[in-house]
Amino acid sequence: MGLLKTLLIVVQVLSALGIIGLVLLQHGKGADMGAAFGSGSSGSLFGASGSANFLSRTTAALAAVFFVTTLGLTYLGSYKPASNIGVLGNLPAATAPAAGSAPAAASAAAPASAANPQDVPK
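Here the sequence shown is numbered in our numbering, starting from 881 and rising by one per residue.
Don't read these hints as lab results, they were simulated from the structure.
The model shown is predicted, which means the values in this text are computed figures rather than measured ones.
Where is the CB? At the ideal position from N, CA and C, for every residue including glycine.
Heads up, a few of these hints could be off.
Pairwise CB distance ranges, derived in the manner of DEER restraints [to be verified]:
1) M881 - F934: 55 to 63 Å
2) L905 - A962: 44 to 52 Å
3) G882 - G966: 15 to 23 Å
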């Protein structure tokens, strides 16, 4: 379980660093001076629709990986294993008396009841 958690943490950190790098590399929509005065866009607020390039698609994929690893780490972090009480934790809950001690107890009780026949209810 610890190896899986470590692997998820490494993947999450790498995806976070990748997202940071790709966001810093991308060209903003309003970075051109002409876009500030309305000459850069064709009537839409955020530019032409469907203009997702390689950087924005890769950023979206890394964001999805980041969210999946976050959910995985949340699940692993909330997992509580059963309490372990050591070597004796593997014993069954109720143990039967040993086979050798049961006949000895029965034979010891038999002479006491045979000695007093009046104590036996009818």
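Are there hints from earlier that the structure breaks, and if so, what are their numbers? Number 1 only.
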